[in-house]
Each structure stands twice: as structure tokens, then as C-alpha cells.
Amino acid sequence: RIARHPSFLADTLEGEWSDIWPLPNQFNPYLVPLPLRMGHTQKFCVSPDKYTSVELLKVQNFLHLTPPAIKKHCAALKKFCTPFPKELETQQDCEREFPVETHTVDYVAAGKTPRNPAARVVTKTIRLSNLVLDHHARLKLTQLAGKERYNRSNDILTIKVDRCPVKKQNKDFADYLLTALYFESWKTEPWESKEHTSHSDGYYWWEDSASYQNVKNLSLSWDSPTVEKYRESVRELKLEPEPEKLGILTEERKEAVSNYKDSVIKLLNL
Amino acid sequence: MIRNTNSLRALVPRFQHQPVCQFHASPACNKATAGRHKVSKMLNKPLTYDQAFKPNLIGVKKGWLSVHTGNLRGEQGSYQFTYEDELIRKFCVGTFYRMLPTDIVIKRRFNVIEITLLCNTVVTSKVLFLKAYSERLLSAFLKCHIKMHVFKLNNEDAIYKYI
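Sequence order for the protein chains is C and Y. Residue numbers for the first sequence follow my numbering, beginning at 1 and rising by one. Residue numbers for the second sequence follow my numbering, beginning at 271 and rising by one.
Since the hints were made in silico from the structure, they are not lab data. Every value quoted in this text rests on a predicted model; they were computed, and no experiment measured them. Treat the hints with care, since some could be wrong.
Selected chain C positions facing chain Y (in silico; Cβ < 10 Å) [claimed, not checked]:
1. Asn25
2. Glu55
3. Thr102
4. His103
5. Tyr107
6. Ala109
7. Asn116
All C-beta atoms in this analysis are idealised placements derived from N, C-alpha and C, irrespective of residue type, glycine included.
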């Protein structure tokens, strides 16, 4: 069978293989100079050779990715490459230089259209310590973003946008959201002023809390140290970061709880 | 003349009877016959390699005749690929009439459909015309690029065994 195209085979054997097969292509028995056979052999049967085998046509081949071809590709691409910057050795350096991380997914599939509706989703994350924020702005930003977007344990703000039809629009919208959040958090509206949060802790609105109402009912003087201590202990208890595992009391939590207990006992004169 | 004038049913044609869904009490016959070939009396029925292996051996001893990503997890449009494959197969069998000793291999790479035919006549200008013609028509039907590869394969070379 190899005697079918002797002159042609001689050509293929002489030349560079990556010139003959530069791209992914369907298997061609007349181009591949290998005595291939593919298929299972039943009793008294011979597995078909490359000219008669449909199996060889079915499988995907990687004849364009021979090691010399890959080397050639790499050599051709090398002039476009630059060394990785030395300043960005660690993860912290990368984060300092590029605080906003963008996460998108591209999909590759067979089909008439290369577009995939799932590819439009854009997720941007930023650690809040990379932003210039004061006490009030930080509090306001976290409150505006909400619990589901701001992770208190690692200080990361995540914005996921999928409302626009195109990825670029979603990216722009996420940028806009981040910018708007930042500048909005720096503003101080009249309703945020001291009158509304009389003893403003910055974190916890004392006057809106149920504890404040309870103290009100006790008809105590507001300037007394017991009320002040009670307020402090409530604030501490509320600001206690959520435990990683539920049902486990950390030392700080224990202390906060005992402080709270003491203050309540003093408040009620028990 | 209608003999039985009393019976109204005799006057009504058969096709006007209302279809009635009936209860089947017979056991289900789960006999699988697709892709399985009967042994002939004289043991002279030729089979190709594809036909020689039963469908349960796809992916073990023989490969798939159409390759695409539609059946992967989370992917969409597998029904459409199947439908298009059937269209392509019928079209090719009709266009290359009595020229195809084996089945057609259809591969999809991005938005290109690659069709591989094994043709039992010498690849002449006639076959090349049919190739270009079917490429043009199929790409108009399916609205994507069609690449067709035609190789020569004699009828007797396609035979793997006789049963």
C-alpha cells in the first residue's frame, strides 16, 4: 500500500513536518508518512490500515503539535515576551500595585456562535485596606455594600455584575459602582450627624438599639458612669467579629460577654 | 348497495373513528436491535469496522461518528447538533449516491463543521464538483463554515469481516 504514492511520501519525508502540517487538520492518510493501524482485532480479522480506517478519521489528532513544532512556535513568540517584573515577587507586592482584581470566564465551544451568555459576568474584588478611607467612610462603605458583598473576616469587597448583555459594559458598570461607592462613602449627609447618633461610636448606632430603649425605661441619669459602661459593653459585644466555627467561645468573646454581664448587674443595682 | 342498513358504523368511514388511548397489558419488549447485525445463512454478509462492533462498544473499541462539545456537562444545543448531523448525513448520502462505503465522520471545531467522506470512486472533477456543491449548500443551510475532506476507499477495502 505504501507503494501507492512513493514520490509523494519521499517529499513528505524530506521536508519539515511542521510546514506540511502547520495547523489542526483532519487526518490525511496520504500526507502522514507513518504505517499506522487503528482498531480492535477480532478473530480472523485484521485491523484496518490508515487508508481504510474510519477510526483514524474519528479521533482528534495532534500532528500539528509535534515537539519541534512547539519549539518553533516558542522561538517565534519569544521576541514578543518580556521578563516578569522583579518588583512583583510576592502576592503582597502584586496586591499593592494592582489592588482591584477582575475575574471573568471565557467559554470555548463548538457551535455556530462563539458567544456564551455566561461569559458576560464580571466579578471585581478589592481589599478595603488598599483604599484611602477614614473611620466614617469605611463604615459607610461597608454598610452601603451590605453583608453579602463585604467579607469582614478578610476585608474584601466583592462586586459581581451580570445585568448588562456584554462583558465590557459589565466591566464598566463594576468600575462605576466601585467609584460611586468610594465617593459616596466620603460624603457625610445631615442625617448622619451627631444629633442622630449622640454618642457616635462610628460603628454602632446606639440610639437605634433595643438596649438604648431599655435604658430609657429605667429612668437613670444619662451622664452616669454605669450607663456609659453599659453602652461600651454593648458596643463591644455587637462589634465582636463572627466566630469561624459556631459554638466556640474565643477568649475575647468570653471577656465581652462577662463585661456585658457586669455592666447589666451594675445598671440594675442587683 | 349497503347490505346492513341498520348499522350506522358501516356508513362511517374507518378514518373518521375517534382515536382512543387503550390500555396495554402486554409486557414491554426491551429488545435492542439498533446497530446490531444478523448473521447471514452463508456467512457472506460484509460488515465494515463500525458495523462489526455493537453500539455498547462505542468509546471502547470504536469511536464516535460525530464529535462536538454539545454533550459535555453544562453545554447547550446538543439537540440541534444531532438534528444538523442527521441533515448532513442524509444530504451526503443523497448527493454522493452509491459512492459511500462507510459512514460519514462529522467533527465540529468552533464554528466550522468538518465532514470526512470516504468515496469509492476515483476523486475526479465530478466528485470535486459534488464536494464543492454540498459544501456551498450545507453552509447556506446551516449558516456556518463547512469543510469537506474526501478520500478514496474501495468498497472491498472497507470490509472488516463477513458474518
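Hint by hint, here is what the structure shows:
1. Asn25: 9 Å, holds
2. Glu55: With a closest approach of 6 Å, the Glu55 (chain C) hint holds.
3. Thr102: Violated, about 23 Å.
4. His103: His103 (chain C) check fails; min Cβ-Cβ to chain Y is 18 Å, beyond 10 Å.
5. Tyr107: Since the shortest Cβ distance to chain Y is 9 Å, the answer is holds.
6. Ala109: At about 5 Å, which falls below the 10 Å cut-off, the nearest Cβ of chain Y leaves the hint on Ala109 (chain C) intact, so it holds.
7. Asn116: The hint holds - Asn116 (chain C) has a Cβ within 10 Å of chain Y, the shortest such distance being about 9 Å.
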